[in-house]
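Kindly generate the complete structure, drawing on both the sequences and the hints.
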Amino acid sequence: MENYLTLFETYDVPAAFWVNIQLSFWAAIWALVLGTVLALFRISPIQSLQWFGAAYVNIFRNTPLTVILAFGFLGLFSVMQISLAENLGSSLFRIAILGLALYHAAFVCEAIRSGVNTVPLGQAEAARAIGLSFLPAARLVILPQAFRGAVAPLGNVLIALIKNSTVAAAGSVATESSSLMKTMIEFRSDLVIPIFFTFALGFVILVIPIGLLTTWASRKLAVAR
Amino acid sequence: MSAQQVLFDAPGPRARRTILIGNIVGVLVALGVLAWVVSALADRGQLAGSMWSPFLEGRTWEFFILPGLLNTLKAAGASIVGAVLFGLVFGVGRLSHAAPIRWVAGTVVEFFRAVPVLLMMIFFWLALGRSGVVQPQDAPFLAVVIALTLYNGSVIAELVRSGVHGLPKGQREAGMAIGLTRTQSLRNVEVPQALLAMLPALVSQFVVILKDSALGFIITYPELLQGVRRLGVGEGNVIPSLLVAAAIFIAINFALSSLATRLSGFLSFRTRGRRPAARGSMTMDPAST
Amino acid sequence: MHKTRYAAAAMAAVAALTLSACGGSDDSSAEGGEGGGEMIRVGIKFDQPGLGYDEGGSYSGFDVDVAKYVANELGYAENQIEFVEAPSANRENLLSNNQVDMIFATYSITDTRKETVDFAGPYFVAGQDLLVSADSDITGPEDLDGRNLCSVTGSTSAQKIKDQYPGVELVEQPGYAECVTAMGGGQIDAVTTDDIILAGLAAQPVNAGKYKVVGNTFSEENYGVGLPKGSDRCEDINAAITKMIDDGAWEEAIARNTEGADYTPNADLNPPTPAPCAS
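Residue numbers (our numbering), protein chains in the order written: chain E, 1339 to 1563; chain X, 446 to 734; chain G, 4 to 282.
Some hints could be false.
[To be verified] Over 12 angstroms on every C-beta distance to chain X, these chain E residues come out as not near it, computed from the model:
1) 1371
2) 1396
3) 1524
[To be verified] Capping the alpha-carbon separation at 20 angstroms, the derived lysine to aspartate or glutamate pairs in DMTMM-like fashion look like this:
4) G:117 to E:1524
5) G:117 to E:1528
6) G:163 to E:1350
[To be verified] To give an idea of the chain E side of the interface with chain G (calculated C-beta under 8 angstroms), a few residues:
7) 1385
8) 1417
9) 1419
Keep in mind that the hints were calculated from the coordinates and are not lab data. The beta-carbon is built from N, C-alpha and C at its ideal position, and this holds for glycine as well.
Laid out in structure tokens, this is it:
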């Protein structure tokens, strides 16, 4: 037990989790913005935008995140020499955020589309009947209800995003928790199991409240019909 | 709101003009982005023939891409079998009428759904490699399969559970009425129907497994991404190699996703009117890479 | 009847997955181990150009050349050698589980490792060094302040520099080759690890002439031949290494595997004299 506690003096476990939380937070915001735009594209009357939205979702949804993040470091950063910040560390951090956001935007788009599917036809018909064209109808009538219907799937995307932030190790953010766990196990192989359960528990604590919260919120926000 | 055309009126002359302009702008922007990417790639010499010529050589495919792809499919295949079995056992466990079984199955499922797959892979890789129970060079493969089985099995367990919950109550009542016990009714009446209803979601989950097998590269499992990484490093064509790998993954996963969509169409036709509750589960599980 | 229906539904579920599970064959790499009394199993790196690299069907590098020479002296022809991948993390396990007969994989002789495995050699003395682009003005770790340094995730060599020179920006990557790719784009100023590994990277055809090894080593790594505890091969291997050094094959192997990298090993320490075997 004492052995186990010394681990926390040598390794800063909370700091590693903080990196995952930061990655998830920023990636979640960008993914939500991009995903909403893509969802609008997919339900818009303009075929080229529909096509673009569908192509985006099919490409990013079917590519492993590992490939996207490896592409971020080797492709964008190394070969294309795109820097997103002055300082190297934050540049790589932002590239990891970009990769996570691009990937999860495809799922956000699908979640919102499933939310749109919960809005009854009559709502759209009513919106048209009072003379709203596509964008105002979407903004004032459809999307507000769609977001409410999409709370549960969006919560699932957020949970997936938090867990997937560990994959940022493949995109060179080596300060996050899965990398730290690997280092810790390599140096303290006598404590393999306690180390694993420490990190696993950390994610359980992060993820399960979000699941409960979104379930509660989706019930609370559900449009009574 | 299934018919999305309802969102906007049948376009009149003015709207048609707007849509036409929108289409032109959209296509132009898309082409512009594409042109920018292509020219940026060309600027860095990524489109030069020498970058792509390795893909015309048999050696590239024989030693880097195909063995990697085979390993990816091997790991994914084994994980799919494992995950389906795990999912059936724990899904039925969660539906058991014995509270302790329900509780244990529920804890296991919730735990493995919350822990990142990569964390499990790294753990099993290092722990198995050191334990001496398995051959060290088998440890990466086993770690990939075990981690994917535990995570995806838990997701499938949830699919089984929600599939059974989605069945009309009458199914169980009928089972009981002909003298089956609750377990018998579950096993012989409810789960088989739930399995059929969850087939599309199940196939979508296979896409997740296939994609997640690419995490194996982090723990030195020689799958497709590892293969192209080695190729790209040796030939100095990292970007083309990654693009080829991405294209292979997309092609396989797209085929699987299309299968899932077609299955769902087929099943909703087959079961139309009998089981309205089981529909609408087609959005793919985003949980995981 | 109801049994069959249950089975049918389960089959339907499984049928879809067998499509993608076509490669159900068992692992063939594991079975070569036993039996073939004629073969010798040698652990090498597969992903380290210039030392141990899987060229696609054949292997190249300095470690591979030394391994072939030694195996030859031990009485094994080239076609009797079976090369096995020995990633750093697995080397001790491979030896103690008797998965390989010897390991040539940039394996530094250390006291901790001697507790679990035996070593023959050293056959090379490496040192931590920097790889920089050919026109760089960096001559040692003291020039790294404010520069970007790349190394492999969790490696101690990078951490050492980071501790001594806090101004260094450290990037960690899954492999050194990724570091070199990033340096090719100019985003990274230096890559650090053992000098011969760097030389091997710089000597790859795609990198030839672009990079140089600084040549200012600041550590000493004795590469030994890893052997299972209690192996009786140590003396013979040492004799083979001495012979290889004496007849010039050693030097030739260094030159061949670092060609184009503008690299000479630390002459004070190389070629080394194999240490006496532990009894």
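Fill in: In rising order, the numbers of the hints this structure does not comply with
The structure breaks hints 2, 3, 7; every other hint is satisfied.
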